[in-house]
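There are 4 protein chains.
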Amino acid sequence: MNTFGRNLRLTTFGESHGKAMGGILDGMPGGIKIDMDIILRETARRRPGQNHLVTARNEKDIPELLSGLTDDMITLGTPIGFIVRNTDQRSGDYGEMAKLYRPNHADFTYDMRYGLHEARGGGRASARETLNWVIGGAIARQLPCMKDISINAKIISVGGVEGTTEEMSAVVEEAMKRGDSVGGIVECVIDGIPAGIGNPVFGKLHARLAQAMMSINAAKGFEYGDGFSAASMYGTQQADIFTSKDGRIYTKTNHSGGIQGGISNGMPIIFRVAFKPTPTLLRDIETTDKDGNSRILKGKGRHDPCVALRAVPVVEAMSALVIADELISQNIVSEI
Amino acid sequence: MNTFGRNLRLTTFGESHGKAMGGILDGMPGGIKIDMDIILRETARRRPGQNHLVTARNEKDIPELLSGLTDDMITLGTPIGFIVRNTDQRSGDYGEMAKLYRPNHADFTYDMRYGLHEARGGGRASARETLNWVIGGAIARQLPCMKDISINAKIISVGGVEGTTEEMSAVVEEAMKRGDSVGGIVECVIDGIPAGIGNPVFGKLHARLAQAMMSINAAKGFEYGDGFSAASMYGTQQADIFTSKDGRIYTKTNHSGGIQGGISNGMPIIFRVAFKPTPTLLRDIETTDKDGNSRILKGKGRHDPCVALRAVPVVEAMSALVIADELISQNIVSEI
Amino acid sequence: MNTFGRNLRLTTFGESHGKAMGGILDGMPGGIKIDMDIILRETARRRPGQNHLVTARNEKDIPELLSGLTDDMITLGTPIGFIVRNTDQRSGDYGEMAKLYRPNHADFTYDMRYGLHEARGGGRASARETLNWVIGGAIARQLPCMKDISINAKIISVGGVEGTTEEMSAVVEEAMKRGDSVGGIVECVIDGIPAGIGNPVFGKLHARLAQAMMSINAAKGFEYGDGFSAASMYGTQQADIFTSKDGRIYTKTNHSGGIQGGISNGMPIIFRVAFKPTPTLLRDIETTDKDGNSRILKGKGRHDPCVALRAVPVVEAMSALVIADELISQNIVSEI
Amino acid sequence: MNTFGRNLRLTTFGESHGKAMGGILDGMPGGIKIDMDIILRETARRRPGQNHLVTARNEKDIPELLSGLTDDMITLGTPIGFIVRNTDQRSGDYGEMAKLYRPNHADFTYDMRYGLHEARGGGRASARETLNWVIGGAIARQLPCMKDISINAKIISVGGVEGTTEEMSAVVEEAMKRGDSVGGIVECVIDGIPAGIGNPVFGKLHARLAQAMMSINAAKGFEYGDGFSAASMYGTQQADIFTSKDGRIYTKTNHSGGIQGGISNGMPIIFRVAFKPTPTLLRDIETTDKDGNSRILKGKGRHDPCVALRAVPVVEAMSALVIADELISQNIVSEI
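Chains as they are written, first to last, in the working numbering: chain A, 467 to 802; chain B, 467 to 802; chain C, 467 to 802; chain D, 467 to 802.
Source of the hints: derived by calculation from the structure; they are not laboratory data.
Identical copies carry no separate label here, and so any pair may be met within one copy or between two of them.
For lysine-lysine, the following DSS-like pairs were computed, each having C-alpha atoms within a straight-line distance of at most 25 Å:
#: 1; residue 1: K526; residue 2: K485
#: 2; residue 1: K499; residue 2: K565
#: 3; residue 1: K526; residue 2: K620
#: 4; residue 1: K565; residue 2: K766
#: 5; residue 1: K766; residue 2: K718
Build the full structure now, drawing on both the sequences and the hints.
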């Protein structure tokens with residue numbers, strides 16, 4: 467339940483307000499140079515407090531790599547253990563909340579599942595867990611076979627507004643002013659994957675990507691290629707006609723989103739993930755306590771007006787873990 | 467890759483035009499009465515050739531249960547092996563196709579993956595594999611703990627038309643006349659699940675459902691609760707306010723679709739799966755052969771104008787396998 | 467629990483007196499010619515009733531391969547499903563036993579575990595299950611990478627007598643005459659494995675072999691290389707000194723039994739498995755019924771005087787599955 | 467490969483001379499009070515340098531628990547991450563060795579497997595890894611269901627001498643004086659396990675114990691109950707006759723070692739593990755370098771004259787992990 471992957475496996479731990487986050491990345495081949503700057507760049511991208519649109523919680527999030535590497539940062543083929551200390555523990559912020567069920571949070575369901583209201587800011591349900599994933603993904607991205615594969619996610623819609631960064635930022639700012647939050651859609655394009663990566667039946671590449679993306683906090687939907695719009699189309703509209711150039715077979719269009727029958731076809735893999743608005747609001751909201759008594763939850767604390775913004779590097783990291791796992795499973799490690 | 471589930475595991479085999487389909491359902495507790503009629507009812511629902519809207523391939527699809535049961539059909543707690551003979555092998559139909567890459571099929575990607583063009587009608591990529599899933603699901607549904615859980619899927623949209631069965635049927639018939647196919651959306655409601663079922667982090671209930679649904683042939687998208695529309699909404703619109711009645715806490719609305727933080731909250735679980743139009747068309751279509759030469763693929767053979775129609779019992783079966791696995795994993799076997 | 471292996475996985479089903487035994491071998495690469503005669507030869511080796519020293523139960527044990535192969539018996543890379551019908555069901559033989567706990571059998575422990583006294587001759591606890599393993603192993607042995615690897619098991623001791631086949635046979639015959647049974651030791655030598663196969667930590671090659679061998683019915687002990695006698699030795703006696711010839715490094719002695727640190731060193735892998743005497747005796751024996759009442763269990767039914775004899779092909783089959791899994795996991799499929 | 471267990475899983479990392487050892491114990495239920503003193507007691511037991519019979523390497527080995535616990539040391543049901551800093555890194559000791567293949571060490575096989583001669587004192591092959599296992603086991607032992615289960619391992623033989631602690635110590639001291647090492651046998655008794663724990667087929671309790679024990683450094687053999695001596699016995703000698711007292715059914719003898727058909731029968735579980743002499747000697751020894759040139763390896767560095775001595779708490783820890791995993795898998799968490 468805390469392990470992701472098959473031949474490249476990330477196992478994680480850490481409560482958001484406990485001592486540390488951390489994980490073990492098992493399955494990285496030996497002999498690979500790891501660049502710490504790439505890890506730091508990725509963790510910085512997901513860090514809260516970077517600008518006024520994301521929460522003010524300011525943690526350093528500097529991972530310490532404890533094993534699996536020589537002093538020169540060459541992988542040994544052994545598991546890479548890492549930790550990130552939680553330096554900014556403000557559990558007091560959550561005092562009042564600890565007694566109430568926050569709407570759309572996991573407080574109520576965790577309580578039903580474990581019979582225990584974890585007081586440390588939501589524990590494993592917190593988006594802080596995704597820091598572990600970003601570290602794992604930033605290491606996985608450095609496999610030689612991943613060098614020519616680009617993974618680029620971006621926000622394409624906020625609160626229903628598709629447009630320029632300025633327009634989407636305006637929607638977020640406006641929501642923030644009202645103490646409200648807003649949803650968004652992240653699109654990810656993975657380019658450079660050769661044809662033939664993935665598996666049929668229960669190991670379909672898009673099913674693995676779906677599971678990975680739906681694991682991200684606040685994700686409500688996943689689609690690839692034409693996605694939901696394919697359900698409104700006819701077969702003749704949707705056919706990706708094969709053609710060839712210089713001996714390479716490819717499709718003229720990419721309705722399929724780069725995957726057919728669960729296996730990559732050499733075209734760019736394209737998928738979208740829908741994120742709901744952050745459930746934490748800076749407004750008072752009605753709820754109940756554990757005994758079912760009606761209560762008012764005061765809006766306060768740190769707050770992301772649009773989690774979709776912070777999900778962008780997480781979508782990329784989880785993509786990297788899935789793709790790297792598939793490549794390793796098919797014994798592709800060297801540069802493609 | 468051919469195994470689904472954790473503590474209730476379905477492992478399957480069978481090429482669509484080979485000798486038999488089959489599987490092993492491992493993890494069913496002992497002492498449970500299995501009703502063969504329920505299995506036959508479910509396999510009948512997914513069988514092609516039931517009416518003029520689905521393909522004419524007429525197979526009996528009568529599973530033979532080979533183990534795991536007493537003569538009185540009581541489970542022994544041992545794995546249940548089953549097979550279904552393929553009685554209607556018409557591999558000749560696929561002679562021409564075997565040399566060409568059918569658009570949107572897995573021919574090309576399988577060839578890239580395995581270096582082998584499986585001549586038996588697509589082999590494991592065929593939707594016939596879902597027969598195994600329906601059998602597995604039909605057994606899983608008979609767990610006592612599943613008795614009060616209803617799993618109901620239905621088509622809610624065909625070719626973009628949401629409406630009555632008559633209206634949607636008209637869209638399919640019209641597509642069929644033109645030798646075309648059409649996409650559709652299946653919605654599934656799982657009711658009766660108690661709060662507290664599922665897991666955090668990488669074992670989220672909706673992520674497992676997503677993986678299960680995206681494993682179904684032709685699935686292009688998955689969403690639960692408000693799904694993609696949540697990305698256009700504000701937090702204040704989307705909050706599921708907790709309230710209580712007679713000591714039972716529940717939410718006034720169900721934007722969350724019955725799952726929060728990966729764990730059920732006691733409300734109905736609602737999700738939707740988008741299916742693309744069948745790639746097999748009864749029309750000539752442009753493509754290439756394995757050497758990249760431009761060719762025309764003749765439209766012929768058996769053909770489902772709308773795979774979404776046949777996906778309905780498969781969506782239910784995969785839901786049953788996921789839910790039963792979760793309940794068994796949480797040691798819930800007896801009636802809830 | 468009914469699946470063995472990691473990248474080459476055998477999942478099995480079948481009660482000894484149910485309709486059929488069977489399994490699914492998942493992970494065999496495509497393009498490999500399978501010789502049915504090798505499978506039949508191996509199943510014949512383990513079949514009871516071959517000579518007067520093993521039980522008279524005479525079943526044909528002809529497996530039917532249902533998937534994963536072309537008509538020309540070339541693997542497709544898809545799972546290979548197989549079944550073997552149980553033609554010789556004599557459950558009546560076990561009528562009396564069904565009410566009593568047979569000493570050293572699994573009757574009592576199954577009852578404690580599952581609360582159910584499986585009446586079909588012991589169900590999954592029966593050695594008949596090993597037929598599935600022999601079929602799986604006989605297929606695995608046909609991987610090109612296995613061609614130059616010899617796996618040879620033989621009885622080296624019966625009832626404490628180490629000697630020629632005649633001497634050991636005499637011990638078995640003498641036990642049989644008395645309605646008694648006798649234990650034995652099987653030694654297996656795997657030759658031709660290149661250095662570098664296996665894993666450290668929890669995936670050690672000898673630990674996997676140990677688990678595989680201890681899964682065989684009646685196995686009581688496993689040792690490799692010097693085994694238990696190493697515990698009586700000094701380091702200076704036990705050191706396998708490295709030397710080289712024509713550039714190939716090897717050890718002068720093989721105290722290590724071909725494995726160091728869980729990884730093969732290129733020397734023959736040698737291990738031994740101790741089997742206890744068959745618990746079924748042709749003599750009356752004291753026991754209790756399910757209520758704890760003292761009873762006499764009449765000696766009758768079919769009976770193997772020395773299960774170690776029949777374990778020989780099973781030891782080889784399980785070795786083949788372990789080695790093939792390791793080679794596939796290290797992406798070694800072609801001839802070495 | 468670095469994960470052990472099914473529903474209680476220990477994943478570990480750490481090279482013996484790297485920055486830290488550590489692991490994640492996933493699957494511990496919530497609400498359990500953890501006593502740090504028990505963890506420290508167990509790590510102290512396995513620590514080198516306790517007396518003159520074990521190596522002088524003196525590390526503190528104080529684990530830091532980073533997650534999964536409240537401040538009051540109550541488990542949260544979330545994964546427990548832990549690390550132990552390596553404070554005594556003397557990699558210089560291994561300078562000469564790094565160029566030579568030490569006999570009976572994993573140097574050569576790791577080189578063949580990974581193409582990389584890990585310079586940090588053997589890396590993952592080092593017995594220091596078992597520190598992680600002892601920590602995991604010390605936590606697992608604190609499950610309420612484990613409270614009345616005693617797990618006691620002890621040395622029963624050193625260099626072939628079975629006797630009192632004094633006699634066995636004399637053998638070790640004598641070997642140490644000569645710069646030699648000596649093997650030994652550890653026997654473990656697990657008492658208090660109820661009948662019905664374990665699984666048939668591939669999940670047999672003794673097969674899991676065998677795999678666990680054979681994972682320990684220097685283990686060469688495993689046997690349970692009568693073990694190898696059962697191979698010299700007749701069925702009539704070996705039968706564990708059932709009897710009953712006050713309604714509880716048990717066996718008069720315990721040849722079976724507490725397990726029948728892979729499932730516990732309520733009698734004490736008894737097994738033995740054979741350990742070879744430490745391969746590191748304080749004497750010069752012949753070997754080759756990586757190019758196959760004949761060389762002399764100087765005896766120096768730290769050195770355990772009898773690893774079996776230090777294996778005792780490791781045998782207990784691995785037993786605790788196996789038993790706790792089985793109990794959790796059968797949903798037994800509370801006191802038995």
